[in-house]
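Protein chains: 2
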Amino acid sequence: MDIKEHILKIGADAKAASRELARLSTRKKNAILEAMADELDAQRALIQQENEKDLASGREAGLSPAMLDRLELTDARIDGMIKGLRDVAVLNDPVGSEISTWNRPNGLEIRKIRVPIGVIGIIFESRPNVTCDAAALCFKTSNAVILRGGKEAIHSNLAIAAAMQKGGAEKGMPAKAIQLIPTTDREAVKVMCQMTGYLDLIIPRGGESLIKAVTEMSHVPVIKHYKGICHTYIDIAADLDMGWRIAENAKCQRPGVCNAMETLLVHKDIAETFLPRLGEIMTERGVEIRGDETVCRLIAEAKPATEDDWYEEYLELILAIRVVNDVDAAIAHINQYGSGHSDAIVTGDDKARNAFLAEVDSSSVYVNASTRFTDGAEFGMGAEIGISTDKLHARGPMGLEELTTYKFVVLGKGQIRE
Amino acid sequence: MDIKEHILKIGADAKAASRELARLSTRKKNAILEAMADELDAQRALIQQENEKDLASGREAGLSPAMLDRLELTDARIDGMIKGLRDVAVLNDPVGSEISTWNRPNGLEIRKIRVPIGVIGIIFESRPNVTCDAAALCFKTSNAVILRGGKEAIHSNLAIAAAMQKGGAEKGMPAKAIQLIPTTDREAVKVMCQMTGYLDLIIPRGGESLIKAVTEMSHVPVIKHYKGICHTYIDIAADLDMGWRIAENAKCQRPGVCNAMETLLVHKDIAETFLPRLGEIMTERGVEIRGDETVCRLIAEAKPATEDDWYEEYLELILAIRVVNDVDAAIAHINQYGSGHSDAIVTGDDKARNAFLAEVDSSSVYVNASTRFTDGAEFGMGAEIGISTDKLHARGPMGLEELTTYKFVVLGKGQIRE
Numbered sequence: 453m454d455i456k457e458h459i460l461k462i463g464a465d466a467k468a469a470s471r472e473l474a475r476l477s478t479r480k481k482n483a484i485l486e487a488m489a490d491e492l493d494a495q496r497a498l499i500q501q502e503n504e505k506d507l508a509s510g511r512e513a514g515l516s517p518a519m520l521d522r523l524e525l526t527d528a529r530i531d532g533m534i535k536g537l538r539d540v541a542v543l544n545d546p547v548g549s550e551i552s553t554w555n556r557p558n559g560l561e562i563r564k565i566r567v568p569i570g571v572i573g574i575i576f577e578s579r580p581n582v583t584c585d586a587a588a589l590c591f592k593t594s595n596a597v598i599l600r601g602g603k604e605a606i607h608s609n610l611a612i613a614a615a616m617q618k619g620g621a622e623k624g625m626p627a628k629a630i631q632l633i634p635t636t637d638r639e640a641v642k643v644m645c646q647m648t649g650y651l652d653l654i655i656p657r658g659g660e661s662l663i664k665a666v667t668e669m670s671h672v673p674v675i676k677h678y679k680g681i682c683h684t685y686i687d688i689a690a691d692l693d694m695g696w697r698i699a700e701n702a703k704c705q706r707p708g709v710c711n712a713m714e715t716l717l718v719h720k721d722i723a724e725t726f727l728p729r730l731g732e733i734m735t736e737r738g739v740e741i742r743g744d745e746t747v748c749r750l751i752a753e754a755k756p757a758t759e760d761d762w763y764e765e766y767l768e769l770i771l772a773i774r775v776v777n778d779v780d781a782a783i784a785h786i787n788q789y790g791s792g793h794s795d796a797i798v799t800g801d802d803k804a805r806n807a808f809l810a811e812v813d814s815s816s817v818y819v820n821a822s823t824r825f826t827d828g829a830e831f832g833m834g835a836e837i838g839i840s841t842d843k844l845h846a847r848g849p850m851g852l853e854e855l856t857t858y859k860f861v862v863l864g865k866g867q868i869r870e
Numbered sequence: 453m454d455i456k457e458h459i460l461k462i463g464a465d466a467k468a469a470s471r472e473l474a475r476l477s478t479r480k481k482n483a484i485l486e487a488m489a490d491e492l493d494a495q496r497a498l499i500q501q502e503n504e505k506d507l508a509s510g511r512e513a514g515l516s517p518a519m520l521d522r523l524e525l526t527d528a529r530i531d532g533m534i535k536g537l538r539d540v541a542v543l544n545d546p547v548g549s550e551i552s553t554w555n556r557p558n559g560l561e562i563r564k565i566r567v568p569i570g571v572i573g574i575i576f577e578s579r580p581n582v583t584c585d586a587a588a589l590c591f592k593t594s595n596a597v598i599l600r601g602g603k604e605a606i607h608s609n610l611a612i613a614a615a616m617q618k619g620g621a622e623k624g625m626p627a628k629a630i631q632l633i634p635t636t637d638r639e640a641v642k643v644m645c646q647m648t649g650y651l652d653l654i655i656p657r658g659g660e661s662l663i664k665a666v667t668e669m670s671h672v673p674v675i676k677h678y679k680g681i682c683h684t685y686i687d688i689a690a691d692l693d694m695g696w697r698i699a700e701n702a703k704c705q706r707p708g709v710c711n712a713m714e715t716l717l718v719h720k721d722i723a724e725t726f727l728p729r730l731g732e733i734m735t736e737r738g739v740e741i742r743g744d745e746t747v748c749r750l751i752a753e754a755k756p757a758t759e760d761d762w763y764e765e766y767l768e769l770i771l772a773i774r775v776v777n778d779v780d781a782a783i784a785h786i787n788q789y790g791s792g793h794s795d796a797i798v799t800g801d802d803k804a805r806n807a808f809l810a811e812v813d814s815s816s817v818y819v820n821a822s823t824r825f826t827d828g829a830e831f832g833m834g835a836e837i838g839i840s841t842d843k844l845h846a847r848g849p850m851g852l853e854e855l856t857t858y859k860f861v862v863l864g865k866g867q868i869r870e
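In order, the protein sequence lines correspond to chains A and B. Numbering of the first sequence is given in this note's numbering, commencing with residue 453 and proceeding in unit increments. Numbering of the second sequence is given in this note's numbering, commencing with residue 453 and proceeding in unit increments.
Treat the hints with caution; some may be incorrect.
You can't tell identical chains apart in this list, so a pair holds if it fits in one copy or across any two.
[What the hints assert, rightly or not] Listed below are the simulated DSS-like cross-link pairs for lysine-lysine, each with C-alpha atoms no more than 27 Å apart in a straight line: (1) K803 with K564; (2) K642 with K664; (3) K480 with K623; (4) K803 with K623; (5) K480 with K676; (6) K642 with K676; (7) K803 with K467; (8) K720 with K456; (9) K676 with K461.
It is worth saying that the hints were derived from the structure and are not from the lab.
Let's have the full structure, built from the sequences with the hints guiding it.
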């Protein structure tokens with residue numbers, strides 16, 4: 453069997469499994485999730501042994517310490533996966549819930565009901581724990597899942613998937629509900645992207661180049677989890693203490709994640725008071741500043757920013773700063789250079805606040821808070837498969853509900869159309 | 453300016469207009485829709501004159517009478533467009549409505565709010581009234597729209613769009629809110645499909661080949677309005693009188709539309725009683741029957757069906773009939789050969805009904821009613837832009853709500869993440 457046939461077989465098996473999954477009760481699904489957690493725990497040594505193979509190849513291939521760290525399945529990370537499975541087991545199951553119900557004058561009753569999407573493909577990079585987390589969320593929502601991880605984590609991914617399959621099977625999980633593509637050949641991704649008959653959705657998780665490649669190649673619908681070029685705008689009517697605190701948090705609390713601030717915009721009439729102290733705070737925290745002319749004048753440590761800086765997702769301790777004329781200029785900057793992820797205004801003025809909330813075209817828009825809150829858990833969704841930067845189907849943090857679609861159930865007593 | 457530049461300019465203008473549209477109040481949008489209706493009425497003669505040019509070219513090109521009929525803008529059809537605009541004006545505006553609101557323990561208030569999608573491309577075929585209907589729904593939901601009609605209706609489409617633009621502009625509609633691509637060059641569609649920076653969604657409306665071509669070419673998300681291979685399954689526990697009535701209605705009331713029945717499935721234990729009378733009814737109505745062996749034995753007029761018949765969307769007075777062993781076989785047939793559109797079961801048995809509703813993977817599943825009800829107006833949605841056969845974002849009849857997305861508005865008092 454060549455790779456294409458092999459992947460198509462995986463797709464057909466997933467489609468068949470998705471029919472079986474639609475029949476599982478919530479109670480049964482939860483028992484399966486608990487059994488998967490137990491089995492991961494039982495196979496801890498084996499999983500770490502397989503993980504060691506990946507780490508050894510990684511060291512040999514000269515992976516960076518950061519990459520090797522992401523790859524490593526420490527005890528704490530395995531505990532995290534196990535806890536994740538048990539947490540998903542106790543979350544509400546959206547499948548089967550009624551979104552709304554109404555009656556028509558002819559007596560038809562229409563129920564709009566949440567149902568699984570069907571078969572979901574997850575294409576991801578180095579972190580092997582995604583195998584567990586993504587599979588758990590797809591399974592809880594009765595979707596079959598096809599996982600395709602990076603080649604540097606292949607042994608770890610296979611070991612995790614095998615443990616989940618074994619634990620699940622003991623409690624009656626359909627055998628092909630969770631499948632991991634065992635080959636690291638890039639051809640496999642291409643076949644997945646063309647498998648419109650079997651796959652209903654692809655979610656790529658990883659760096660920009662992976663997401664771009666999948667989006668351009670795919671005939672299957674894709675929900676992108678793209679970069680976060682997040683802004684904080686300090687308005688003329690801002691509480692400056694709040695502005696310093698929020699800017700520091702948004703930039704420094706965890707700079708390597710998508711909801712961290714990359715660009716700070718400051719109203720021109722408060723630049724003289726706001727920027728010098730901001731410069732001190734950021735310099736103390738080790739942040740490199742790149743700014744426009746005014747910024748460079750007011751902050752000694754600042755370097756001149758280029759046009760490219762406004763487009764940059766640094767993911768590290770670098771901050772671009774620009775002085776703007778007013779809230780409209782801030783909105784225009786964000787809509788031009790941003791990535792539609794998360795953007796905040798700090799202001800006490802209702803007019804500026806309302807314009808910002810209405811016109812900034814991003815998944816999450818904030819007033820007087822740090823952009824770092826854009827996250828399924830922080831929003832109270834319980835779990836997240838990622839943060840969509842697309843506008844269709846799901847936008848912003850994607851939880852269990854976003855892994856479902858709906859159907860219309862129409863109940864009649866013999867009605868025909870006149 | 454070459455075609456590509458021209459289309460990209462249209463895209464950039466639409467994107468800019470979408471920002472302005474986000475600021476219009478519902479009251480203002482409704483006044484604009486009324487003004488567009490008035491202007492269509494005022495320009496009736498001009499529109500019909502332009503329509504006559506298309507009809508003349510169509511006759512010359514040898515279009516079928518059915519095609520010419522679809523193309524013609526009779527007085528009644530212009531009345532229909534005008535009424536459509538006024539109807540959309542009185543519908544509820546979903547933009548700005550709150551889907552839900554909640555508070556987090558840290559005091560953050562999160563509001564999930566409906567917002568426009570942005571810029572929508574509609575690619576359609578012969579009927580010029582789509583220009584008006586689709587533009588009205590996109591405008592009401594504050595989306596900018598780029599329309600691309602078929603070459604056979606180009607003069608009609610341009611005249612309708614010009615009237616809407618003129619009427620709308622008088623009441624303050626942004627000039628580029630509604631744009632019709634003035635060239636019929638096929639290159640224009642290709643450029644639209646690659647315009648990911650400007651277009652948020654493409655909705656192709658027309659035949660299978662158009663939808664396939666757009667889907668395969670597009671890097672912009674597409675919501676397909678694909679074919680309807682709709683089934684009615686007559687269960688062993690069916691009220692046979694109801695079965696005959698529903699089957700006749702689903703097949704004959706308007707056979708040329710996507711929610712008409714194409715295949716009838718009959719439980720083997722009632723075939724002997726159900727099929728002969730069904731054969732009489734269908735023959736009286738001029739329906740050609742293609743069936744399996746049992747069907748051909750029980751209905752004299754039936755011709756043998758081939759495997760291809762189960763995949764066929766006839767859109768005319770032809771009906772495929774198959775005898776099945778039980779409800780599970782009916783479900784398996786529908787999931788294999790159907791198009792995920794609309795499927796019905798006629799039964800008095802709760803177990804069969806529940807299995808059918810849960811396992812048939814279609815946008816609309818019916819118990820004891822005709823599939824002909826799958827329609828925005830019949831479902832009580834007020835208007836529809838089409839019927840999605842996709843599962844993401846919108847499934848089944850798409851009304852105004854489905855032309856919106858959402859954003860999270862997060863209101864704080866200085867919260868930062870610990």
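Comparing the hints with the structure gives:
no.	hint	verdict
1	K803 with K564	between (38 Å within a copy, 20 Å between copies)
2	K642 with K664	both (13 Å within a copy, 19 Å between copies)
3	K480 with K623	within (8 Å within a copy, 59 Å between copies)
4	K803 with K623	between (57 Å within a copy, 25 Å between copies)
5	K480 with K676	neither (31 Å within a copy, 35 Å between copies)
6	K642 with K676	both (17 Å within a copy, 22 Å between copies)
7	K803 with K467	between (51 Å within a copy, 24 Å between copies)
8	K720 with K456	neither (58 Å within a copy, 39 Å between copies)
9	K676 with K461	both (26 Å within a copy, 26 Å between copies)
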